[in-house]
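Asks: Between the sequences and the hints, there should be enough to build the whole structure, so can you do that?
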Amino acid sequence: MKGNEALAEAAIKAGCRMYFGYPITPQTEISEYLSLRLPQVGGVFLQAETEVAAINMVYGAAATGIRVMTSSSGPGISLKQEGLSDLAIAELPCVVVNMSRGGPGVGNIQPAQSDYFQAVKGGGHGDYKLIVLAPSSVQELVDLTYRAFYLADKYRNPALILGDGMLAQMMEPVSFVEPNFPPLPPKDWAIQGKGKGQRKFIVCFALDPQELEALNLRLQRKYRLLEEQETDFEVFGDENPELLLVGFGTVGRILKTVVREAKSQGMKFALFRPITLFPFPRRQLKELARKAGKVLVVEMNLGQMVEDVRLSVGEIPVYFHGRTGGMIPRVEEIFTKAYQILRDEVPYESGF
Amino acid sequence: MRCPMKVVFERPRTLLKKPFTYCPGCHHGLAQRLIAEVIDELGIGEVTIGVGPIGCSVYIYEFFDLDFVMGGHGRAQAVATGIKRALPDRIVFSYQGDGDIGAIGTAEAIHVANRGELITSFFVNNAVFGMTGGQMAPTTLLGQKTRTSPLGRDARMHGFPFRLAEMLKVAEGSAYIARVALTQPRFVRQARACIKKAFLTQIEKKGFSLVEILSPCPTNWGMEPEQAVRWLEEKMIPYFPLGEIKVKEGNFDETS
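Sequence order for the protein chains is H and X. In terms of the working numbering, the first sequence is numbered consecutively and its last residue is 1373. In terms of the working numbering, the second sequence is numbered consecutively and its last residue is 822.
Hints in this document: simulated from the structure, not taken from any laboratory. Hints should not be assumed to be uniformly reliable.
Once the Cα atoms are required to be at most 30 Å apart in a straight line, the calculated DSBU-like pairs of lysine-lysine come out as [what the hints assert, rightly or not]:
1) H:Lys1221 - X:Lys763
2) X:Lys584 - H:Lys1217
3) H:Lys1175 - H:Lys1221
4) X:Lys584 - H:Lys1208
5) H:Lys1215 - X:Lys763
6) H:Lys1208 - H:Lys1221
7) X:Lys762 - H:Lys1217
8) H:Lys1221 - X:Lys771
9) H:Lys1284 - H:Lys1307
10) H:Lys1215 - X:Lys583
11) H:Lys1315 - H:Lys1284
12) H:Lys1217 - X:Lys763
13) X:Lys801 - H:Lys1215
14) H:Lys1208 - X:Lys583
15) X:Lys583 - H:Lys1221
16) X:Lys711 - H:Lys1215
Small disclaimer: the values here were computed from a predicted structure and weren't measured.
Replies: Here it is in structure tokens:
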């Protein structure tokens, strides 16, 4: 199945019953698929007038306790930031998909990873975090869509799936195996009309400074808990590598080929691929980086996740190789860079 | 001996026993009381969900004994859309000021009307941004001095006062649109009737409904409350005429 369609079907199977979106390449097939599929399962598909309206419709639907999602790409995700900030403070669960493309600005419609900062550092205003999952295959798009809905509900927090135009458009075989997640607590906070009970309300502000500080500290405790409990990553390659490669999403796939190529040439490489970008697997990364002694981060941007890698590993030298604007790093160029690093031919901090 | 007395006036059940926090002479309190009275009369309090604005009535959820959702500035109608689409058998209303619905939320306003979204919007027009301290609103009258039009609103510089209600009339999906004021007892009676019709429009699934409520803002107009009421009647009503602007018969499916 095509990445976009596989993700959309996984959302249906995960119990998503509402979708609000606005067309933008390269993710529009998600909308197209759900416009047909959601009504078949008694759900609602609504094409909003703007990205801003779409994310606020998500806010309203999420407040009722229903599973809801929206999807977009770079420029559209920028427009949704106000709503994401509101969803975060109101602690409303929802799933947002960013099939990211080349930026900044309108950029282009080719795959890129230059929305990493926006995804993991907040994106909108205020102290908040999204749960950020980074798939690297169509199968993982499916699996992480299930997980995104689960984690969003478990932590009452918006979850973002950070894919890219490559994953969105590629076709791979997939299976839909519903994971066996532990049961979730009832959504007793959901707004349904007060009925015979006590009235409830959901707000996205706390005008009293003491109250807002307490709320922010509570959110931070939630983010720490996420770090303790939900961090995920993949390690591939040699157990005692001479060079550790780090990359997420599409780049993770390419780096696997680099690791295999290195092995065939008698070199010991390993790949560390964060699957959760927030929470970032910094502790596990540090352990492996220490073993290797040298780290090469590869991204489809000009150096974003590399900052988190450097923060995680401390003094260990971290090199970077990035392509941008929709260019995909090739195995040969990564291998050449890695080879030069191992022969100390690349001055440290040389960047691109 | 017990005196046979009859209660002729009391707090609507839908309002909590909590004093309004609005400025003296502001009509937000009156407008909200009327909405509460109508919800009582229709007996819909258990199934009604309110969506509030960012602006002077940001604390609206503190006054109503109703489930409430507060979203971002100008986004109440998008939030209300999400709620109504998730829970189509509930009654959903938004309550917004002129900055909220007439400036930053204009796209949402036009499109809920065009979609015939089965929600009811209350639009309080006081011709200024109140909460931020009296800046020019889209509804500020020509010549009216505000904190960001200190020499008076000039059409060439700032454009014209925005008649949102009339604009929404042309949207096929809007079914009931009215403009009311609360400065005289007869206006209050008319307003109450319009608010009721707006809710009934939603209940009968006729389409989108909106009631614009003109309100004085003595604080930001720099006037005494009585003077503000006179200014509203003399200046605002001629430009924003009262009355029913659109009344569509038949339910949504029959007319579309």
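Asks: If a hint holds in the structure, say so; if it doesn't, say that too.
Replies: These are the hints, each one checked on the structure:
no., hint, verdict
1, H:Lys1221 - X:Lys763, "27 Å, holds"
2, X:Lys584 - H:Lys1217, "21 Å, holds"
3, H:Lys1175 - H:Lys1221, "20 Å, holds"
4, X:Lys584 - H:Lys1208, "28 Å, holds"
5, H:Lys1215 - X:Lys763, "23 Å, holds"
6, H:Lys1208 - H:Lys1221, "12 Å, holds"
7, X:Lys762 - H:Lys1217, "23 Å, holds"
8, H:Lys1221 - X:Lys771, "26 Å, holds"
9, H:Lys1284 - H:Lys1307, "23 Å, holds"
10, H:Lys1215 - X:Lys583, "17 Å, holds"
11, H:Lys1315 - H:Lys1284, "17 Å, holds"
12, H:Lys1217 - X:Lys763, "26 Å, holds"
13, X:Lys801 - H:Lys1215, "41 Å, violated"
14, H:Lys1208 - X:Lys583, "28 Å, holds"
15, X:Lys583 - H:Lys1221, "16 Å, holds"
16, X:Lys711 - H:Lys1215, "43 Å, violated"
In summary, the structure is inconsistent with hints 13 and 16 from the numbered list given earlier, while agreeing with the others.
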